[in-house]
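The task is simple: from the sequences and hints, build the whole structure.
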Amino acid sequence: MTPLTDADRRLLAILQADGRVSNQELAERAGMSASACWRRVRALEEAGVIAAYPVVLDAEKAGLSFSAIVHVTLTRHDASHVETFIARIVERPEVLECLATTGEADYHLRVVCRDKDAYNAFLDTFLFRLPGIAHVRTNLVLKEVKLSTRLPV
Numbered sequence: 134m135t136p137l138t139d140a141d142r143r144l145l146a147i148l149q150a151d152g153r154v155s156n157q158e159l160a161e162r163a164g165m166s167a168s169a170c171w172r173r174v175r176a177l178e179e180a181g182v183i184a185a186y187p188v189v190l191d192a193e194k195a196g197l198s199f200s201a202i203v204h205v206t207l208t209r210h211d212a213s214h215v216e217t218f219i220a221r222i223v224e225r226p227e228v229l230e231c232l233a234t235t236g237e238a239d240y241h242l243r244v245v246c247r248d249k250d251a252y253n254a255f256l257d258t259f260l261f262r263l264p265g266i267a268h269v270r271t272n273l274v275l276k277e278v279k280l281s282t283r284l285p286v
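Residue numbers for the sequence shown follow our numbering, so the first one is 134 and each next one is one higher.
No lab work stands behind these hints, which were simulated from the structure alone. Incorrect hints may appear among the rest.
Said to hold, decoys possible - Here are the simulated DSS-like pairs of lysine-lysine, each with C-alpha atoms no more than 25 Å apart in a straight line: (1) K194 - K276; (2) K249 - K279; (3) K249 - K276; (4) K249 - K194; (5) K279 - K194.
None of these values were measured; they are calculated from a predicted model.
In structure tokens form, the structure reads like this:
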């Protein structure tokens with residue numbers, strides 16, 4: 134895909150704020166015709182720049198009051214352990230994010246679940262049973278100061 138234009142960036146910013154906006158309103162707010170707007174959004178979707186139109190839930194109101202950042206260190210970077218870890222992590226709905234990083238831990242997970250008992254079950258029946266886990270450290274989230282899905286386009 135060609136680099137994003139200013140018009141693309143306007144469209145993306147509007148869509149990130151309100152994915153349910155009509156094409157007509159989107160076009161008006163972006164300062165373009167409805168047909169040009171529709172074609173540009175379609176091109177952004179086809180290029181994969183727009184990956185999805187998610188609904189953002191309030192975890193607390195959805196009954197998911199426990200949130201933690203989990204730092205995972207593998208015993209060694211054995212390819213089979215890494216592949217197994219990644220394959221199993223992506224299947225778990227409690228894991229909202231998994232980031233491979235440099236530094237003290239190999240992976241950082243953002244885990245959300247119902248309560249501490251559900252988190253303990255996640256650890257005991259899943260994470261601690263994965264091969265190659267050397268160390269797991271949990272930081273409890275006390276308060277979400279900023280949580281956003283919007284990229285700074």
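Right, here's what the structure says about each hint:
1. K194 - K276: 15 Å, holds
2. K249 - K279: Holds, at about 22 Å.
3. K249 - K276: Distance ~16 Å between K249 and K276 Cα, so the pair holds.
4. K249 - K194: Holds. K249 to K194 sits at ~17 Å (cutoff 25 Å).
5. K279 - K194: 17 Å, holds
Comparing the model with each earlier hint shows no violations; every hint is respected.
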